[in-house]
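Engineer: Kindly generate the complete structure, drawing on both the sequences and the hints.
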Amino acid sequence: MTAHSPEAAPAARRPVGAPDATRLVLGGVAMEVCPAPGLPWSLGEEHRTMARAFEATPVVGSVRCAVGRFPGGSRGPLPDPAAPRTVAWRWGAERARLSTLGVELALRRLGAGQYVARGAVEPERGGPSSLCTALACAVVLREGGLVLHATAVELRGRAVLFIGPSGAGKTTAAHQCRNGRWMARDRAAVFETGGAWHVAGLCGGDPIRLPQSAAAALPVAAVLRVRRGDGPATALRELHPAEALVALRESVQRAGDAEDEERVLDAASRLLASVPVAEARTVIGPDLEPPIAALLEERS
Amino acid sequence: MSLGPRSEIRQARRIATRTIAGRAVVIVIDARKMHTLDSVATFIWERAEQPRAIASIADDVVERFEVEPERALQDVLRFADHLVELGALEVENPGL
Chain B
128 MTAHSPEAAP AARRPVGAPD ATRLVLGGVA MEVCPAPGLP WSLGEEHRTM ARAFEATPVV
188 GSVRCAVGRF PGGSRGPLPD PAAPRTVAWR WGAERARLST LGVELALRRL GAGQYVARGA
248 VEPERGGPSS LCTALACAVV LREGGLVLHA TAVELRGRAV LFIGPSGAGK TTAAHQCRNG
308 RWMARDRAAV FETGGAWHVA GLCGGDPIRL PQSAAAALPV AAVLRVRRGD GPATALRELH
368 PAEALVALRE SVQRAGDAED EERVLDAASR LLASVPVAEA RTVIGPDLEP PIAALLEERS
Chain V
25 MSLGPRSEIR QARRIATRTI AGRAVVIVID ARKMHTLDSV ATFIWERAEQ PRAIASIADD
85 VVERFEVEPE RALQDVLRFA DHLVELGALE VENPGL
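Keeping their order, the protein sequence lines are chains B and V. Heads up: the first sequence begins at 128 in the working numbering, then just goes up one per residue. Heads up: the second sequence begins at 25 in the working numbering, then just goes up one per residue.
The hints are simulated quantities; they were obtained by calculation from the structure and are not laboratory data. Note that CB positions come from ideal geometry on N, CA and C, so glycine has one too.
Pair by pair, the computed Cβ-Cβ distance ranges are: (1) V/E92 / B/E389: 37 to 43 Å; (2) V/R56 / B/S427: 33 to 39 Å; (3) V/R95 / B/T184: 57 to 63 Å; (4) B/W218 / V/T43: 24 to 30 Å; (5) B/R305 / V/T43: 37 to 43 Å; (6) B/S169 / V/S63: 52 to 58 Å; (7) B/S396 / V/Q74: 18 to 24 Å; (8) B/R217 / V/R56: 17 to 23 Å.
Which chain V residues face chain B? A few, computed with CB under 8 Å, are given here: (9) A40; (10) I44; (11) R47; (12) V49; (13) I53; (14) T60.
Structural biologist: This is the structure:
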């Protein structure tokens with residue numbers, strides 16, 4: 128056991144469910160986090176924006192987490208807050224260890240959608256926020272969902288996802304849903320629950336000049352792979368399922384080894400069997416809602 | 025590597041693949057590359073799930089697509105060469 132292992136944290140033996148627990152829903156995961164006495168615990172502004180009430184539904188899973196401070200305090204100088212953060216973990220026998228900037232966690236799956244965790248954070252490095260994001264991503268993926276590089280917009284009670292590499296125009300596409308409400312600005316959790324695929328926002332991304340959706344998660348109406356168009360109007364073309372699979376895989380935030388890839392391909396295959404995945408060649412200006420509505424009508 | 029009709033090929037072990045609506049998507053794990061195959065290439069790809077001689081796969085192509093045997097063999101050789109280069113296929117036995 129290393130000095131920084133979660134089991135070594137003072138909070139590891141503290142019972143969860145204490146009155147001072149932080150309860151929230153983030154990325155479709157309900158969390159009850161119980162910080163150790165005296166541990167500075169506050170989420171960053173963006174996480175407060177994205178979090179929903181603990182009772183919000185639907186969710187794909189729930190986690191109870193006891194958390195303390197890293198033994199020995201902060202490790203080294205604080206990094207650039209704008210630097211990308213990665214989360215690393217490996218599942219084995221329904222247990223995983225998660226590690227990311229300012230966070231180490233031991234996560235255990237008790238059953239479908241039910242988890243407990245023990246962890247240690249460095250509050251000075253944004254540990255509380257990173258911990259919540261790491262828990263959300265790990266649970267969503269373990270429950271057969273996806274974490275996508277995407278913007279998401281609520282339209283008529285359902286969610287439209289815009290995927291594509293940086294610079295493809297995801298944010299622009301979101302802006303062009305003039306009656307929409309944004310759900311995710313750069314990263315979205317996508318998961319199956321209650322017989323339908325849902326979207327929940329995660330943190331990150333540039334501001335979107337639309338009102339924010341109040342929903343914790345909404346059913347997925349469509350996934351649009353955005354490309355910049357050069358024609359007179361936005362054009363949508365439903366993708367061949369193999370093209371759709373490639374588009375979804377390209378937008379996955381984490382995959383790497385064979386096991387990860389198999390899980391991602393399984394999830395993406397199930398998602399595209401349920402919802403239309405189309406290419407949107409967008410031009411700046413026109414409202415995107417009419418072509419999206421036409422796509423959905425055609426599909427139904 | 026130069027392949028011949030007797031060369032045995034098989035899908036690489038470090039890949040993830042799905043065939044969906046008649047087209048295969050192949051991810052080569054170590055190269056971190058993803059490839060989409062057309063319908064003919066998918067047909068050949070699926071026959072390499074277990075070690076198979078290229079000539080044997082070409083026979084299947086002749087039967088399925090009604091093409092000349094020599095053309096089928098050349099197509100399979102070219103496809104196999106390319107996918108071996110990409111790391112999606114392995115040469116089980118050079119057979120040369």
